[in-house]
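Participant: Sequence:
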Amino acid sequence: MSPRLRKVTTGSGATAVQIVRKHRGKVSVLEHLGSAHTPAELSALLAAGEDKLASYGAAQQLELELGLPTEDATPPRARTVVGSRSSMLIDAIAESWKRLGFGEVVDDQAFFDLVLARLVEPTSKADSIRVLAELGIDPPHHNTFLNCLARARDRDYRAQIAGKCFDHSVATTGISLLLYDVTTLYFEAEKEDNLRQVGYSKERRVDPQIVVGLLVDRTGFPLEIGCYEGSKAETHTIIPVIKAFQDRHGVTDMVVAADAGMLSAKNLTELDKAGLRFIVGSRQTKAPHDLATHFRWNGEWAADGQVIDTITPKGAKRLDPERVKKKREPVWSAEAFPDAWRVVWQYRRKRAMRDEQTLNLQRNKALEIIEGQKPAKKARFVKVTDEEKAFDESSYKRAMKLSGYKGYVSNIPADVMSAVEVISSYHDLWHVEQSFRMSKTDLKARPIFHRTRDAIEAHLTVVFTALAVARFMQDETGVSLKKIITSLRPLREFTGRVGGQDITFDPEVTGPARLIAAALLPDRFPGH
Numbered sequence: 001m002s003p004r005l006r007k008v009t010t011g012s013g014a015t016a017v018q019i020v021r022k023h024r025g026k027v028s029v030l031e032h033l034g035s036a037h038t039p040a041e042l043s044a045l046l047a048a049g050e051d052k053l054a055s056y057g058a059a060q061q062l063e064l065e066l067g068l069p070t071e072d073a074t075p076p077r078a079r080t081v082v083g084s085r086s087s088m089l090i091d092a093i094a095e096s097w098k099r100l101g102f103g104e105v106v107d108d109q110a111f112f113d114l115v116l117a118r119l120v121e122p123t124s125k126a127d128s129i130r131v132l133a134e135l136g137i138d139p140p141h142h143n144t145f146l147n148c149l150a151r152a153r154d155r156d157y158r159a160q161i162a163g164k165c166f167d168h169s170v171a172t173t174g175i176s177l178l179l180y181d182v183t184t185l186y187f188e189a190e191k192e193d194n195l196r197q198v199g200y201s202k203e204r205r206v207d208p209q210i211v212v213g214l215l216v217d218r219t220g221f222p223l224e225i226g227c228y229e230g231s232k233a234e235t236h237t238i239i240p241v242i243k244a245f246q247d248r249h250g251v252t253d254m255v256v257a258a259d260a261g262m263l264s265a266k267n268l269t270e271l272d273k274a275g276l277r278f279i280v281g282s283r284q285t286k287a288p289h290d291l292a293t294h295f296r297w298n299g300e301w302a303a304d305g306q307v308i309d310t311i312t313p314k315g316a317k318r319l320d321p322e323r324v325k326k327k328r329e330p331v332w333s334a335e336a337f338p339d340a341w342r343v344v345w346q347y348r349r350k351r352a353m354r355d356e357q358t359l360n361l362q363r364n365k366a367l368e369i370i371e372g373q374k375p376a377k378k379a380r381f382v383k384v385t386d387e388e389k390a391f392d393e394s395s396y397k398r399a400m401k402l403s404g405y406k407g408y409v410s411n412i413p414a415d416v417m418s419a420v421e422v423i424s425s426y427h428d429l430w431h432v433e434q435s436f437r438m439s440k441t442d443l444k445a446r447p448i449f450h451r452t453r454d455a456i457e458a459h460l461t462v463v464f465t466a467l468a469v470a471r472f473m474q475d476e477t478g479v480s481l482k483k484i485i486t487s488l489r490p491l492r493e494f495t496g497r498v499g500g501q502d503i504t505f506d507p508e509v510t511g512p513a514r515l516i517a518a519a520l521l522p523d524r525f526p527g528h
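Residues in the sequence shown are numbered consecutively from 1, following the numbering used here.
One or more hints might be untrue.
Said to hold, decoys possible - Straight-line alpha carbon distances no greater than 25 Å define the calculated SDA-like cross-link-like pairs of lysine to any residue that follow:
no.	residue 1	residue 2
1	K191	T123
2	K350	E457
3	K232	E421
4	K327	E300
5	K444	T9
Said to hold, decoys possible - Pairwise CB distance ranges, derived in the manner of DEER restraints:
no.	residue 1	residue 2	range
6	Q434	H236	39 to 47 Å
7	V170	E270	19 to 27 Å
8	V170	T510	35 to 43 Å
Think of the hints as simulated: they come from the structure by calculation, not from any bench. All C-beta atoms in this analysis are idealised placements derived from N, C-alpha and C, irrespective of residue type, glycine included.
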């Protein structure tokens, strides 16, 4: 059966008008048009519903469903739908923008519109005009957006937004622990330039790309973003981002956690010289030397969850081989071990099972290559001598011995942070990975339509700002950005013109959508 209009009396005594469809005796609601509190509002709402039904191809069924006498109805020419907008969603994003303080530093409606469009439906700057129009916003011209990107660069919007992000983090989570990681964004371009270059890709692509570094607090809230040449090594990005953060906010007392990809002797030394404390993942290949004392006194056995707090060399200089004669591990301090860092190793049985499964798959692949069952290519545990291939049994056994171990390098003394705290702080890194996933999926950060460095940097400023708003909204509601958008976007505010008078009526907000709206618009929904 075709869609029809239906009136429903709400708990507050208002009259809600809905578009419904009846199929096999079951009535399903296609759209809530709103609730009317006066006859004039009801008349306007019905007018809006009649126009909406026309789009469903069912305007002729209005009288049948409602049972309204024709003579009592407002003449069609006297009532007109002026417009509608996704008020709940727009207002929720605008309120989040305000609560973060972004409006205090960036008074630019076009920039807000770009962030709004990216949160709702990430697309090109040109197509953002369509997104805004569908939300019920009168969109600016495409050139306005292009001029906005130039203003974002010239007026350094990123620094101003980053300042408010810093204030929010200090007031909520605190910046005692910062997390850093990098990702790559590729371009479908034939030629490289000074920025878009071929390099190591996390997506294993060979297209020109850029490297993006992101610094967040321990909850994943963004604090700093950096853009680098696609061929730049990950280890060369962390220091510039950290220094930019320090210079911007004058911060010295904080702990920086980063993945093993950031581990280089130069990086750790520079972080230490800057007075910063760090926790960085260690490579498993360092375990045999770091854990020499443990292996000598305990063999290959370790209890599930066992933690070994010891030292690791800063650079090429080896540790004292005589240390293994004492069963007790050395307690690190900068004064006692100027050529070493503190390293915490932990053994987990679950990790060991996963590592051993991976190693056996690599072993089988190596044997298939050696036996000619697979094309010859570089693979782990394949040893080539005078063009003869053989299985590297010693490397395989050494790797199996180390399965289950994970290391964490730090310059934080044990009396300041325990080994367990070092491990748990490092594991907060999943928040930065989550933020990267959000920016590459929900916000689609890849600037595929930009070519120059200035345009790409301005685009990343929009993405950075949108990420901050998204994280704020998620923290306030406890649900994903996608859930927020899909719940609030259909709730539209309608404006009808009846007898020359414009009447605006709000959508009825119920169920999970009301909980989300109440968290983001507390003044509008008191008592939640």
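Participant: Has the hinted range 35 to 43 Å been met by the Cβ atoms of V170 and T510?
Facilitator: 37 Å, holds
Participant: Holds or violated: K232 and E421, Cα atoms, limit 25 Å.
Facilitator: Given pair K232, E421 is violated - Cα atoms ~32 Å apart, limit 25 Å.
Participant: If you draw a straight line from the CA of K350 to the CA of E457, is it 25 Å or shorter?
Facilitator: 42 Å, violated
Participant: Given the range 39 to 47 Å, decide if the beta-carbon distance of Q434 to H236 lies inside it.
Facilitator: Hint violated: Cβ distance 24 Å, outside 39 to 47 Å.
Participant: Can the restraint linking K444 and T9 be considered satisfied, given a maximum Cα separation of 25 Å?
Facilitator: 42 Å, violated
Participant: Mind checking the alpha carbons of K327 and E300 for me, to see if they're no more than 25 Å apart?
Facilitator: 15 Å, holds
Participant: Looking only at beta-carbon atoms, does the pair V170, E270 fall within the given range of 19 to 27 Å?
Facilitator: Since the Cβ atoms of V170 and E270 sit about 25 Å apart, the hinted range of 19 to 27 Å holds.
Participant: Run the distance test for K191 versus T123: straight-line Cα separation, threshold 25 Å.
Facilitator: Holds, at roughly 24 Å.
Of the numbered hints given earlier, the model fails hints 2, 3, 5, 6; all others are met.
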